[in-house]
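Below, each chain spelled out in residue letters.
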Amino acid sequence: MTPFHFGSSERTLFGLFHPAADGAPSDVAALLCNPFGQEAVRGHRLYRVLADRLAGSGVPVMRFDYFGTGDSLGEDDAGDLDGWVADTRTALQELVRRSGSRRVVCVGARLGAVIVARAAVGMSAIAKLVLWDPVVDGAAYLALLRTSHVQTLELAYSLPDPGWRSALAHDPQAFTDEAMGFGMSPTLRRQVGKIGAHSFPLPPGVGVDVIARASDEAVQTWFRTFETQPARRFRPLDHSFDWTAEESRNTPLVPAQALALLTASIRD
Amino acid sequence: MERIVRFGPGERLLGVVAPAAHAAPDQPACLLFNAGVVHRIGPHRLNVKLARALAARGFTALRMDLSGLGDSPVSADAAGVNSTDQAVADLRAAMDHLERSEGIRRFVLFGLCSGARHGYRLAQVDSRVVGLLMFDGYVYPTFKTHVMRRLKRFRALPWSAVLRKPIDWIVRRQPAHQVSAVESDEPVQPSPEEFRAAMDALVARGTAVYTLHSGSFVRYFNYAEQWHDKFRGAAFLQHSRHDYLPELDHTLSTVAAQRKLIATVGDWVQGLFGASAGSKASST
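Here the protein sequences line up with chains A and B, keeping their order.
Here the first sequence stands for residues 1 to 268, numbered as in our numbering.
Here the second sequence stands for residues 269 to 552, numbered as in our numbering.
Hint data in this document are derived by calculation from the structure and do not stem from the laboratory.
Since we're looking at a predicted model, the values are computed, not measured.
Please note that a few of the clues may not be correct.
Facing chain A, according to a computed beta carbon distance under 10 Å, are these residues of chain B, among others [what the hints assert, rightly or not]:
id : residue
1  : Val284
2  : Arg331
3  : Asp339
4  : Arg423
5  : Gly483
No residue lacks a Cβ here, since even glycine has one placed at the ideal position from N, Cα and C.
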């Protein structure tokens, strides 16, 4: 595994490249694209294990942090969706250069699913999109982040402040500038709030696997809008990954079923 | 510009160095490392923000993954080695690396939760550690802690407002008796006697020590004078700093809490080791 910086000097990004274990050239590589904020922290270990497993089977992999996240440069509130789409394209080009692969499978989890779908437009190297628990309703997602933020606070303090719940219920501006300790700019909030079924410009000729719970009605409704198109597949996941939990809570960090489905989707 | 570094046996440990904005001779570097299972960025990206803030104040900061966490693999020699001993070895490898590559010979450790315990152990065995900050590390409740816990929970009930004044009057007169570790049901940690001896030795050596406790563990730490009540008369109390900041939570879950902690840590480090502070090694 090779950690490295890439991108421009103004927008330096942090990446990790996992070369194929046998060193043999591979026609296909995988780019793993993060969710947002605490969800990215929760997914870090699973992505690490997934990358190791894929590289061990001969598929080069790259993970990276968007600008303003993780180890990349930039403050929390410097991040925005359009910038992250550009970062993903930069990462894709870096992966092709490092791996020598002609085709790339892009994995996007949660908000990362919107990012990779948009980044894929016009990028001929992308062979497939794997979208895990995609955010398909931006307004609902923002509401979830607000609620999760208050839940996080209530669990973090021995004596929770009842004013938090009251503010959540009665003040629509409360808890809008951050989500579980990660700052959110007004620009990012506006962009996320606009996410809907139209936000996924799925390129023709590019395979798309959607991995989510069969009971997720929002994702099911969205998937039905394109399920009859060629190379579109829904892969049900029984396990509900706890995306917003603090790491100390007793929830699995690397659920076996999620790992297996992601691996299968990438290698298919 | 930050630098990615690999160090330790087989160069398998991963870290990111935030270089000091303005180099000064013999300035200590700050080590930031994993809290729980979160990778090197820290909970809510705290380590990244803190490292960059310290670098801006003139202190090189290295944030790293200990063996088996984040992107550092498990040590090849892990069999039979407990996690604390491995963490100490990893942190010493980090110090060795910065000493070789940057000529830095003094280090300040920032340990959160499990990190505080690792830092506590490392500071005792390596004199290159000139500063140790333990955030939500060890806790030693007193009798008053237990009274305060019940009082605070009582006061949190809405209907308790009418009883608040008489209760306050009673509690202010409550003596702070010692409570044994077994009786208090507190987390596994050194005995108070061991901890006191270790802390006395550290400050006698000239190591600056700062213990911070958050508002996340009212059961075990819940009033500002608790440290002084528990270790009354100990030498280290006069030569170290102790704060109870109930507005902070254990993992700094809000941007405001992060800013508060980053400013507090930065002020402490700068006050002790900044250019205007000279090279004094211990302070309250």
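Proposed interface contact between Gly483 (chain B) and chain A, which counts if any beta carbon pair is under 10 Å: holds (5 Å)
Interface restraint verdict for Val284 (chain B) against chain A (beta-carbon cut-off 10 Å): Interface hint status for Val284 (chain B): holds (6 Å vs cutoff 10 Å).
Hinted contact Arg423 (chain B) with chain A - closest CB pair below 10 Å: holds (8 Å)
Closest C-beta approach of Asp339 (chain B) to chain A relative to 10 Å, hint status: holds (6 Å)
Hinted contact Arg331 (chain B) with chain A - closest CB pair below 10 Å: holds (8 Å)
In terms of the numbered hints stated before, the structure departs from none.
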